[in-house]
Structures are given as C-alpha cells and as structure tokens.
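Undergrad: Using the sequences and the accompanying hints, generate a full structural model.
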Amino acid sequence: MWKAAVAAAAIACGVQSACSPYVFSENVRALSTKMASIDASYQDNARKIVDERHLGNRTLWVHEKPVLLTGPGCDFDATYSIPCDLMAQGTPAPAVHVAAKPEPTAPSANVCETITDLPSAPTTDTDKHPPPLRRADLLRALDNYTGALAAITKAQDRADFDNAAAEVSAAVGALAQSAPGPYGAAAAPVAEASTNAALWLVGQDLDYRRLHELQNATRIACEPIHVLADALGVVLEEQRDARLRGLFVLLVRKTEALNRIRAAPRVTDEAYGAAIDDAEAAADAFETVRATDPHATAQALRNAHDNLVVAVRNNNGEFAALVASLQTFDRQANDLATAASTNASVVSSPEKKS
Amino acid sequence: MSQPSTIDQLRNARDTALAALKFSIDAIAKKIEVATGPNEVALNQRLDNLVNQSDAIETAAVLALPEVIAAAATLNALSAQMTKTAQQLPTAANLLATTATVLALGQQFSGTLANAHHG
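Residue numbers (my numbering), protein chains in the order written: chain W, 16 to 369; chain X, 623 to 741.
It should be emphasised that the hints constitute simulated quantities derived from the structure, not laboratory data.
Heads up, the beta-carbon is just placed ideally off N, CA and C, and yes, glycines get one too.
Misleading hints may appear alongside valid ones.
Unchecked claim - Derived SDA-like pairs (lysine to any residue); straight-line CA-CA distance at most 20 angstroms:
#1 X:K652 <-> W:G105
#2 X:K652 <-> W:R277
#3 X:K706 <-> W:R155
#4 X:K706 <-> W:N231
#5 X:K706 <-> W:D158
#6 X:K653 <-> W:A272
#7 X:K653 <-> W:R277
#8 X:K706 <-> W:T161
#9 X:K644 <-> W:E302
#10 X:K653 <-> X:V673
#11 X:K653 <-> W:A278
#12 X:K644 <-> W:P87
#13 X:K644 <-> W:G86
#14 X:K644 <-> W:G261
#15 W:K80 <-> X:V656
#16 X:K652 <-> W:V82
#17 X:K652 <-> W:I97
#18 X:K652 <-> W:P107
#19 X:K706 <-> W:A166
#20 X:K653 <-> W:Q104
#21 X:K706 <-> W:N159
#22 X:K652 <-> W:A103
#23 X:K653 <-> W:G261
#24 X:K652 <-> W:I276
What the hints assert, rightly or not - Listed next, the stretches of chain W that the computed footprint assigns to chain X, with coverage defined by at least 3 CB atoms under 8 angstroms from CB atoms of chain X:
#25 79-88
#26 146-153
#27 161-168
#28 223-236
#29 255-262
#30 271-283
TA: Written out as structure tokens, the structure reads:
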C-alpha cells in the first residue's frame, strides 16, 4: 500500500525540484544581472553622447558667442523625442516629432471579484468623516502590502526546506541500514524513497498553504490596488509637474544670465564657458525629471497586480507563471518608488536667479 | 462605455487648468531669455506669478475621496492580517526540527534493539 503511495507521489512530482515554485530563481537572477549590465552600458553611453554634444556646442559658442535660447525639447508638457538643450538663436530648430499625450487607455476587463469578506479595519471616532490621507499614506499602504506578499511567499523558506530535506532523507536511510535482522540493508533504499516522498508532500503542503493565502490576499487587494494606483499616479504626476516648472524657470533664468554675460564687455571665454555649463546642467536636470512618467508607472503597477491576481487564481500547481507575475509586480512597485524618488534626487543649482 | 472615475475627472480638470497657464508661461519665458533693459524684472515677476498659480492647482482632493481612504484602510488591514498569517505558517525549520527529533529517537531505539538482539 505504502509502495503504491510512494510511486504515485513520485509520478506526480517527477524530480522533486521540478515541482518547486522557486526552481527558476537562479535562472531569473542570472538574467536579471545580465539585463542590469546591459542597462548600465546603455545609460553610460547615453550620458557620454550628451556630454560630447555639450562639449561640441560649448566650443562653438565660446568662439561665436551667439544668443542662446532653450530648445524646443524643453517643453514640460509634451512627450518629445528630442532632449531639452540650449540652441543658438537663428539656427533651425531640430525636427520635433510630437507624440500626443496618450489618451487614457480603455480599461481592460476588470479581473477583480466582488468581495464580501473584507478584513475589518480598526474603527475610530472619525470613521464617519475620516481625515484626508497624506501622500505618504498611499505609498505606505502599497509598501505594507508588498511586504506582506513577500512574507506569505517567502522563497527562502522553501529553499531551506529542500536542502534540509535531503539531509533528513539520508539520515532515514542510515536508520534503516542499522535496523536489526535481514530486512535492514534491503529496506534502506525503499525507506529513503518513502521519506523523500513524505517530505516532499509536506513541502507541497507548505507551498499550497502559502498559495491559498496568496489567492485570498490578491483577491481582496484587487480593487483597492486599482484605486490606490490611480490616486498615486495623480499625486506623483502633480509633484513631478511642479518640479518640472521649477526647473524650467531655473533654466530660463540661467539662459538669461548666459546672454547677459555674453553681451558684457571684456567677458573671458572661461567665464562664458562656465555660464554655458551652468545652463546645460539645468537643462540636464530638467530632462532627467521629464523622462519620468509616474502616471504610466502607476498604471503598469495596477496591470501587474491584475496579472498576479489572474495567475494566482488560475494556478493549478504550475508555479512558473506565478513566480513571474510576482516578480513583475515587485519590479513595478520598485519602479514606482524610483519614479517617486527621482524628483527629490535630481540635483540642480539651488539659486533661482543667477 | 464606462464613465471616467472621480480620480480621472480630477486629473483631467487639473490638466485643462494647467494648459491655459502653460501657454502664458512659454511666451514669457521666451522673452526673458533674451530680455535686456528695465522690463526684465517685470517679466520675471510675471513668470513667478504664473508658476505660483500653476502650483496652486493641485489635486489634494484625490486624497480625501472616500474610495481612496477606504482602499488604503482595506489594504493596510489586509497587510496586517497577511503578515500575522505568514508568521503562523509552518516554517521549514519548525517542520525539520520535529522530524529530526523523531529520527533521533528512532535511531536511539534502533540501536538499543540491535544491542539487545546481539546481547
């Protein structure tokens, strides 16, 4: 009877690790490292291209001292294919391919279920008229949730279990070997296989309990994530726009100062070149912030969570898609945090007027 | 066709208000870059006013929407519940500690039995 159970378990799972949800983690990590390296090279080259263009322009402008203007790329309300930079008055403006602001995408089919068993939030006296949230509250709610998802899935626990299970299995083999009588040695391999299967089933139980928790959590979080992602997108976009306006004003005033220095009598090439560098730095800071799109990132986070909800809901023991969905959601959450922090991290000259 | 959400309506209203001011900001900025003479100060003052007006158009109302407050409360309660559940899930270490204890007892029993058999 137990032999049949062992055989069934072995057939069901095949190689033990093939059923593990974390078997892909090494491959994914290796791919992620390579992608990070490619991304770093791309960023490095992009930076060099900008620096070389600035140097070429600087050399020319120090010699010719033309009136300088902010280029058409320095528009804080458009998605242009050209970067924000200075340009000499009278030179043909670079061709601008205006990409219209994307229309709000039609909402895809709502994957969320109607929830009737919401977890009870702590009640307070102010429940009838709760105070408005602070911006940080939105990010904290998402942060708490991703942290809880990590606690539920806890990949390391499964890896520890697989390693330790092999040791326990070997110990069982040794135990059977030491058993008295003629059955000892002959029974050892069978006992080891049986224990492997038993441990594996315990391991599977561990995974399925976590999966059940994950199914319940993502089902309940589905609609709240939609609402919070939309709200966060608006709030972060507002912050980005305010920062862009400030950087635009700074750039305009640096350009104004540059043209004043140009027109001053006996201005040295060194002083004029330094003023060009100053204005170019403001243009770069503007460009860095403009490249962020918190609203699109928030929408991507919402979509990633929808995919996770569907993957978890349809999961039938095939964990590969589930792990991929979890990683995508985690990446989108990180991207959102990066978008939120970019505004604060871009450095520009503190003075508003040179 | 589904109706835009309240959040989308607030966002669209903000974009419309900002677009009107942006047109003026662009025009003033172009003049300032090449400005000389006494109107420089006035132009800069006008630019500051326009930017301040734009900054004042905010969407803080989003943070006071009942659905947003309720969503944050639900997610926070859910996260607390998930974290608590995760702590109660059996960890690999707990399972193996139990298994190891049973095995050690088994080994001890087996050894005792073998000794008795030979003895």
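Undergrad: Take the C-alpha atoms of X:K652 and W:I97, compute the straight-line distance between them, and say whether it is at most 20 angstroms.
TA: holds (19 angstroms)
Undergrad: Against the 20 angstroms threshold, does the CA-CA distance of X:K653 and X:V673 hold or violate the hint?
TA: holds (16 angstroms)
Undergrad: Taking beta carbons only, do three or more residues of the stretch 146-153 of chain W come closer than 8 angstroms to chain X?
TA: holds (count 6)
Undergrad: Has the given pair, X:K706 with W:D158, been kept, meaning a C-alpha gap of at most 20 angstroms?
TA: holds (16 angstroms)
Undergrad: If you draw a straight line from the CA of X:K644 to the CA of W:G261, is it 20 angstroms or shorter?
TA: The given pair, whose Cα atoms are some 13 angstroms apart, holds under the 20 angstroms limit.
Undergrad: Does X:K706 pair with W:R155 here, judged by a C-alpha cut-off of 20 angstroms?
TA: Satisfied, since the Cα-Cα distance of roughly 18 angstroms is no more than 20 angstroms.
Undergrad: Does W:A272 lie within 20 angstroms of X:K653 when you go C-alpha to C-alpha?
TA: Satisfied, since the Cα-Cα distance of roughly 13 angstroms is no more than 20 angstroms.
Undergrad: Below or equal to 20 angstroms on CA atoms is what counts here, so check X:K644 against W:G86.
TA: holds (16 angstroms)
Undergrad: With the threshold set at 20 angstroms, check whether the alpha-carbon distance from X:K652 to W:R277 stays at or below it.
TA: It holds: about 17 angstroms lies between the C-alpha atoms, which stays within 20 angstroms.
Undergrad: Within a Cα-Cα threshold of 20 angstroms, do X:K652 and W:I276 meet the stated pairing?
TA: Holds, at about 18 angstroms.
Undergrad: Would you mind confirming whether the straight-line C-alpha gap from X:K652 to W:P107 stays at or under 20 angstroms?
TA: holds (16 angstroms)
Undergrad: Has the stretch 161-168 of chain W got at least three residues whose CB is nearer than 8 angstroms to a CB belonging to chain X?
TA: Since 5 is at least three, the answer is holds.
When each numbered hint is compared with the structure, no violation occurs for any of them.
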